[in-house]
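A.B. asks: If you want the building blocks of each chain, they are given just below.
Protein chains: 2
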Amino acid sequence: MERITLEHAAKLLSEKDDILILMHKSPDGDAVGSGYGLAMALRSLGKRADPLCGDEIPKVYSYITDKVPAIGFEPKFIVSVDLATTALLSGSAVEYAESVDLCIDHHGSNNGYAKEGYVDGKSASCAEIIKKLLDIMQISIDNDMANAIFTGICTDTGCFKFSNVTSDTHRIAAELMDCGADSTEICRLMFDCKSRAKIELEKMVLETMEFSPDGKVAFVCITKDMMEKSGAAQGETEGIAGITKQIEGVKVGITMREKDNGEFRISVRSSEDIDASKICALFGGGGHRAAAGCSIFKEQTEAKKEIMAACIAAVEEAE
Amino acid sequence: MERITLEHAAKLLSEKDDILILMHKSPDGDAVGSGYGLAMALRSLGKRADPLCGDEIPKVYSYITDKVPAIGFEPKFIVSVDLATTALLSGSAVEYAESVDLCIDHHGSNNGYAKEGYVDGKSASCAEIIKKLLDIMQISIDNDMANAIFTGICTDTGCFKFSNVTSDTHRIAAELMDCGADSTEICRLMFDCKSRAKIELEKMVLETMEFSPDGKVAFVCITKDMMEKSGAAQGETEGIAGITKQIEGVKVGITMREKDNGEFRISVRSSEDIDASKICALFGGGGHRAAAGCSIFKEQTEAKKEIMAACIAAVEEAE
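First to last, the protein sequences are chains A and B. Position in the first sequence (first residue = 1) + 13 = our numbering. Position in the second sequence (first residue = 1) + 13 = our numbering.
No lab work stands behind these hints, which were simulated from the structure alone. Treat the hints with caution; some may be incorrect.
All copies of an identical chain are treated as equivalent in the list; a pair is satisfied when it fits inside any one copy or across any two copies.
[To be verified] Listed below are the simulated DSSO-like cross-link pairs for lysine-lysine, each with C-alpha atoms no more than 30 Å apart in a straight line: (1) LYS29 to LYS291; (2) LYS242 to LYS89; (3) LYS89 to LYS207; (4) LYS29 to LYS272; (5) LYS89 to LYS318; (6) LYS317 to LYS89; (7) LYS237 to LYS317; (8) LYS128 to LYS242; (9) LYS24 to LYS72; (10) LYS272 to LYS207; (11) LYS80 to LYS229; (12) LYS60 to LYS229; (13) LYS72 to LYS38; (14) LYS229 to LYS128; (15) LYS145 to LYS72; (16) LYS29 to LYS242; (17) LYS291 to LYS207; (18) LYS60 to LYS207.
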């Protein structure tokens, strides 16, 4: 992949038409916001542009997707957004894996699958790059585009909380609000809406919470039975992995999820002086220093005992 | 109170010395951030300035308060920040209630207790005004000042979520990050830290959750017994009032808190087409359209029954 400047990417897009924009499977706010936002922008120039995601877009994003009904055309230029590797394409998007002309991404790990690409690993979201791209293209950002791009920014930064946030992130958010982005409603939809099933699941999970005697290790478990009884969707367990690490005094938070065939999938989150990936490596897993994972194929009580013991040992060693 | 421009307020502060800065009781992030931030800024000009809050400042703000050890002097100029009325002064701050020289505030309801005042009801936080003030005074904002002011902004906006956020809010946040504000750590401390007691309380409260048959009214209760058993502090119940309204399909969320002498203090949050203040008025209470309160002096089950019935009736009427 030839690494190009954003100016060059803008020039390419200005020259092309019948543009297909690919997004990754299990689309999140940044994929949807970047893909649909770019499609809206290109259409505002009189071009034909369609976003394409192999998976169904969750209906929570309908305020974005409803603004971009599919046109349908034989694509002449293939763009990908927020896509680190074509392995993350799904369904009808897979057929374009080998023919991506232009990639716009913020994953430092992008494996260079496209002909030309602009990758900024320091950008908190791909949507921030899209905003800069539209500015270079001198596209007038209307409130629908602003809503789409703002969605990408706020979701990929946990509502401006994560360590990827830069002053640019806030500056772009300000500009998008000036273009009409409804930040209050977007933040409400993205962060303050829970299904009854999720609340039900949270209640059950909190009941499983246990601490090491010194309170530095916290544990929760999500069983298949809980998923079934609560009716929660798989995606709704995501926020739960963070619960334990939010508790005062907790240095290692463990979330254990029951999978099929006797597997317990374990996620470990740790504070800086404790290496979660080392703990998980003991069980054949791995990951990052602050967040790692592994699997234990044992009975529930035994699995809990083993991972708790390993985490308690890691805390003691770090002291 | 003479309403003055921020430029005039800046001129006053530039001319004065031995400045005492008053904050309201039960200090929140905006009071602490504004008061201590302003004190740091004035000290950077070689002036003597002390912040004064009648209540103890919660230790979660120690990264701000530790930077401003009290000097102690006979004050010659009294400033208040984030203080809508002197009725909100407490302890040792009360004696200055009648002698506030300059008030800087963002409460539209400010009752004009000071000699001169700058009040901007459209500002999401008082801290935003402090930032503008320092810019006018051409004070070089260091990272401690930036952390203090950023804290005020993010806490009064629910981490950039509330409807009071403007593009200025984000623009100022960006500038503060450029001055060294550690937004990640501040957001973690302010929004992602919970005591074990609070988690314990949340678990108990979730267990009391009930819904109307159509799922449009949700109810939770916090009893004195739960407060005692969990060990949660009064301030830790705050976020809980919002839980019910976050649930998909819920139009009216009720939080009932047991007080002394058989009182149940009820908080009602509603969606736009339902008037919470009207519901609460039925029980002698009041408030805003979207958030109101009242008290019911009945036995717990009866109190719940009455407020649920009133909310269900309000939902039916709105349809």
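A.B. asks: Each hint should be assessed against the structure and marked as holding or not.
C.D. replies: Structure-based check of each hint:
In this assembly of identical chains, the alpha carbons of LYS29 and LYS291 never lie at most 30 Å apart, being 49 Å within a copy and 58 Å across copies at closest. In this assembly of identical chains, the alpha carbons of LYS242 and LYS89 never lie at most 30 Å apart, being 48 Å within a copy and 66 Å across copies at closest. Proximity of LYS89 and LYS207 under a CA criterion of 30 Å is satisfied in neither setting, with 41 Å inside one chain copy and 53 Å between copies. Proximity of LYS29 and LYS272 under a CA criterion of 30 Å is satisfied in neither setting, with 46 Å inside one chain copy and 67 Å between copies.
Taking the shortest alpha-carbon separations for LYS89 and LYS318, neither the intra-copy value of 57 Å nor the inter-copy value of 64 Å comes in at or below 30 Å. Proximity of LYS317 to LYS89 under the C-alpha cut-off of 30 Å is found in neither arrangement, the shortest distances being 54 Å within a copy and 63 Å between copies. Taking the shortest Cα distances, LYS237 and LYS317 sit within 30 Å of each other inside one copy (16 Å), while across copies they are farther apart (34 Å). Taking identical chains as interchangeable, the C-alpha atoms of LYS128 and LYS242 are never at most 30 Å apart, the minima being 48 Å within one chain and 62 Å between chains.
Proximity of LYS24 and LYS72 under a CA criterion of 30 Å is satisfied in neither setting, with 33 Å inside one chain copy and 54 Å between copies. Both within a single protomer and between protomers do LYS272 and LYS207 lie at most 30 Å apart by alpha-carbon distance, with minima of 23 Å and 29 Å respectively. Taking the shortest alpha-carbon separations for LYS80 and LYS229, only the inter-copy value of 29 Å comes in at or below 30 Å, while the best intra-copy value is 48 Å. Taking the shortest alpha-carbon separations for LYS60 and LYS229, neither the intra-copy value of 57 Å nor the inter-copy value of 44 Å comes in at or below 30 Å.
Taking the closest pair of Cα atoms, LYS72 and LYS38 come within 30 Å of each other only inside a single copy of the chain (15 Å); across copies the shortest separation is 44 Å, beyond that limit. Neither within a single protomer nor between protomers do LYS229 and LYS128 lie at most 30 Å apart by alpha-carbon distance, with minima of 49 Å and 52 Å respectively. In the homo-oligomer, the alpha carbons of LYS145 and LYS72 lie at most 30 Å apart inside one protomer (27 Å), although the nearest pairing across protomers, at 41 Å, exceeds that limit. Within a single copy, LYS29 and LYS242 get their C-alpha atoms no closer than 51 Å, and across copies no closer than 66 Å, so neither meets the 30 Å cut-off.
Proximity of LYS291 to LYS207 under the C-alpha cut-off of 30 Å is restricted to the inter-copy arrangement: shortest distance 27 Å between copies versus 34 Å within a copy. Taking the closest pair of Cα atoms, LYS60 and LYS207 never come within 30 Å of each other, the shortest separation being 38 Å inside a single copy and 50 Å across copies.
Checked against the numbered hints given earlier, the structure breaks hints 1, 2, 3, 4, 5, 6, 8, 9, 12, 14, 16, 18 and satisfies all the rest.
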